[in-house]
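Protein chains: 2
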Amino acid sequence: MNPSAVIFDAYGTLFDVASVAAACTAVTSEPEALVGLWRAKQLEYSFVRSLMGPAAYADFWTITADALDFAAEKLGLNLSPADRNRALQGWLEVQPYPEVKSTLDLLASDGRRCVILSNGSPSMLDAALTSAGIAERFHAVLSVDAVRIFKPHPRVYQLALDALATPPAELLFISSNGWDAAGARAFGLPVGWVNRTAAPLERLGFAPDIVLADLSALPPLLVVDAG
Amino acid sequence: MNPSAVIFDAYGTLFDVASVAAACTAVTSEPEALVGLWRAKQLEYSFVRSLMGPAAYADFWTITADALDFAAEKLGLNLSPADRNRALQGWLEVQPYPEVKSTLDLLASDGRRCVILSNGSPSMLDAALTSAGIAERFHAVLSVDAVRIFKPHPRVYQLALDALATPPAELLFISSNGWDAAGARAFGLPVGWVNRTAAPLERLGFAPDIVLADLSALPPLLVVDAG
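In order, the protein sequence lines correspond to chains A and B.
To get the numbering used here, take the position in the first sequence, counting from 1, and add 126.
To get the numbering used here, take the position in the second sequence, counting from 1, and add 126.
Hints are computed from structural coordinates only; laboratory data are not their basis.
Take these hints with a grain of salt, some might be off.
Since the list gives no way to pick out one identical chain from another, each pair is judged satisfied if it fits inside one copy or across any two copies.
Claimed, not checked - Taking lysine to any residue and the SDA-like style, the derived pairs with C-alpha atoms no more than 20 Å apart in a straight line are:
{"id": "1", "residue 1": "200", "residue 2": "138"}
{"id": "2", "residue 1": "227", "residue 2": "211"}
{"id": "3", "residue 1": "200", "residue 2": "349"}
{"id": "4", "residue 1": "200", "residue 2": "155"}
{"id": "5", "residue 1": "227", "residue 2": "345"}
{"id": "6", "residue 1": "200", "residue 2": "322"}
Produce the entire structure from the sequences given, and follow the hints as far as they go.
What follows is the structure in structure tokens.
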């Protein structure tokens, strides 16, 4: 495997969203229940709005706020506007996983372009990249907002192909989300699934080409051109 | 509101899926964890495969079995083939909610056609209708399998329109799933959301026209033609 460019998912793949859990701890005594329900709803809303069609699209920041409001009401939490903002702020304060910077350095030193392809809205991604201190390391930061539909719709993966102007076989897509890995594989991209939690493989009919315990396992797997 | 036909979602709307929980109790000492994860994955797989495109379609029975396998592995349960079959069997042994038969009788006596529009595969729906003893009460039983994509994609709701050959304004769609109610509303159908659990309204931008504590609340809301 010798990709000329590597396409990364953002949240959960490059960015540890522990900052979201930390923000929830600041606003409720049951942060685990809130984070769990919030993230599940955020994902569900992205899928459901995508299936409903173009008129139902709302960007990821809106969906994230909507999912928080649902989760808080479901749990009987009466979040003040300040607490609501504090919780949402968690998405803007993410940090990279420990191995991210060294992995990106190694990929760059081998001449591989790195891009981000994320459900996040452009302003969320800007804030996250600044917070994580890795903004300059990417050739491009691609948001689904450009096509107004969320992963795993094929139009999203096509965005990366168009931006890189490179055949799929010369690319590699990396995600920690099993459904995102399957979606990219179904689209026709070579895929690496980052499985930090030893989760079972998703039964979606499209298995990843490689499975990585974390991102540091990636550079040694890639062939370096001689010369 | 005076619909000439009422379109019902099946699982959770007409059919109480307590039989699935009961089947899980027979195969594991932690049935609640299994049922919760199983149903969440079943839904996720239906959304994800629908977004991935036609080549990723698998029918609801396949998805249901795949979701069970994922959930069992995630929970460290080693289900024997017999236990796996027992758990799956729960989906074929559903019963109607207590008010279903009397509601269907009232709707029929007012001359309204009743149809089912479900993610379930045709054979799952056949078994469920027989188990619940309500097979003869429906003008049509429509499975998404005919269009090979799951709710809430518009093609699914179009199936009901085509089968009934009736303008949307003369129909009423009923579901207990907030995302399904929103999907039908986005498509353009009048919608009643059955909210048996006092759940919060989903934040999806398309609110139901009416909210029902259970199906018995429906017939009194409908106008009966004089004559």
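Now for the hints, and whether the structure bears them out:
| no. | hint | verdict |
| --- | --- | --- |
| 1 | 200 x 138 | between (25 Å within a copy, 19 Å between copies) |
| 2 | 227 x 211 | neither (29 Å within a copy, 47 Å between copies) |
| 3 | 200 x 349 | neither (50 Å within a copy, 34 Å between copies) |
| 4 | 200 x 155 | within (15 Å within a copy, 27 Å between copies) |
| 5 | 227 x 345 | within (12 Å within a copy, 62 Å between copies) |
| 6 | 200 x 322 | between (30 Å within a copy, 14 Å between copies) |
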